[in-house]
Structures are given as C-alpha cells and as structure tokens.
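*Asks:* Sequence:
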Amino acid sequence: MLSRRHATLALIVFVGLALIGSAAGQTPKGVGAKGVRVLFVGNSYTYFNDLPWVVSELGRCAKPPIKIHAERSVRPGATLERHWKDGAAKKAITSAKWDWVVLQEQSQRPIGDRPLMESSAKQFHEVIAKRKARTLFFMTWAREHKPDMQKGLTKSYTEIAAKLGAEVAPVGIAWQTVRKQRPKLKLHTNDRSHPNPTGTYLSALVFFAKLTGTNPVGLPARLEKDGKAVIALSKKDAAWLQGVARDVVRGRRK
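In my numbering, the protein residues as written are 322 to 575.
Derived from the structure by calculation, the hints contain no laboratory data. As the structure is a computational prediction, the values presented were derived from the model and not from experiment. Some hints could be false.
Claimed, not checked - Using 27 Å as the maximum straight-line C-alpha spacing, the simulated DSSO-like pairs for lysine-lysine come out as follows:
id, residue 1, residue 2
1, Lys556, Lys384
2, Lys355, Lys472
3, Lys443, Lys412
Please put together the full structure from these sequences, using the hints given.
*Replies:* Structural data, given as structure tokens:
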C-alpha cells in the first residue's frame, strides 16, 4: 500500500496533469467560444500580401487553434476620411457583429494632418462603440529611407487612441525594433514604403498577439494559400520576429 505521503504526491501529480491537459485544449483567455471576429479598415498597407488572411491563418495554425474571422474594407491610398465619406466601411461595421474593428490611417496623415485623422477616427470610433465592438488602431511604420517618421506616427496613434479610449496594435514599433537590431532583415518592398512578405508576417504576429492575448512564439514560419507560399521564412528568423512581436505587445521593447 502507498504511504499517506506517497498518496498525497500522487494526487498532486494527477491533478496537475489534469489541469495541464485541460488547459491545452482551452480557448485562450479573452477569446470567445466562437473565436475572434475582426474587420480591417485601411489601404494597401493592409491588403499587401493579404494581412487579414495571414492573421487568420496564424490563428488556424496555433496550438490549440484559434478561430480568427478576419474581413476587410480597403481602398488604395485611402485615408480614414475618405473611407468615412465613401460609406462602405461604415456599412461593413454596422452590417455584422465584430469583436474588433482595426483602423489604419494613410501612411503620412498621422504626421501631416493629425487633426483630420483624429476627427475621422472619432467618427468611426463612435459607430464602432455603438456596435459593442472595440477599436484597434493599426500603428503603421516609417518609410525605409525616413526612419525618423516613426516618432510622429507612434505619438499620433498612441495619443489619439488614449483620447478615444481605444487600443493600439504597435506594428510600427515592432518594425522599428527590427530595423534597429537587424537592419539587414528587410521588411519593405523596393518602393521603400509597402511591406514585403516578411514585413506582413511581422505585422500579423503583432495583430495575432494583440487580438488573442496569446504568445505568438512557436507559430509556423511558412504559410501557403492555394498551394503557393505567401510567407516563407527561415525558422530562425521567424522565431526571432515572434519574440519581437511578443515583447512589443507586452511593452517590453520600444
């Protein structure tokens, strides 16, 4: 027969294993049983390499899988002001149930015309709040040849979000971190503005971590769509980018 001490230890181990087994199959805290529903409102920074799809696919590949239903309302070069006047984005927000609505401003407006950005963002935020969804600003990145842009971008997105009671996906800060620590790891296309697949992957990691509250470390380095690679990084580079995204979302890197 087991001694009382051995029996107690056995019970502790059994309960611990049961809890671990249970947690392994649980939906992450903050994610509903039906997953996360998110609408992206933006322009080419959002639709290059199909960022919403990449975010959704990362959720599918997570362990356990997280259902991220991502849709988009996008127009080339569009500002939030243009989206508001066009009406399509507002219709997309009000015609379905969303957990989050992501707002991405045109790449230079946060610096060149912050008051107009704030006015348009406020209009969208009020509609989003009425729909019981949460506003998430997509903090964009500096041009490759103008790294000092990031200071103004970060300031505008952070302060406007705080003023409205919204949140920020610190994508631009993640890009800034990579460019400082590993400048040879390119994130931009040859136009020095738009994201290449590596840049989109990093952006998606930040959104994955922010939307799900889940650590992105361990996600796949390669994603395929219709038999073709959309994302194809080395495991080493992918793991490093995952660590950057995790730390930036947690506020550990700037």
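*Asks:* All hints are to be evaluated individually against the structure, with a verdict given for each.
*Replies:* Hints, one by one, checked against the model:
Note on Lys556 and Lys384: the hinted pairing holds, with a Cα-Cα distance of about 17 Å set against a maximum of 27 Å. Restraint check for Lys355 and Lys472: not satisfied, since their Cα atoms lie roughly 37 Å apart, outside the 27 Å limit. Straight-line distance between C-alpha atoms of Lys443 and Lys412 comes to about 16 Å, which keeps the hinted pair within the 27 Å bound.
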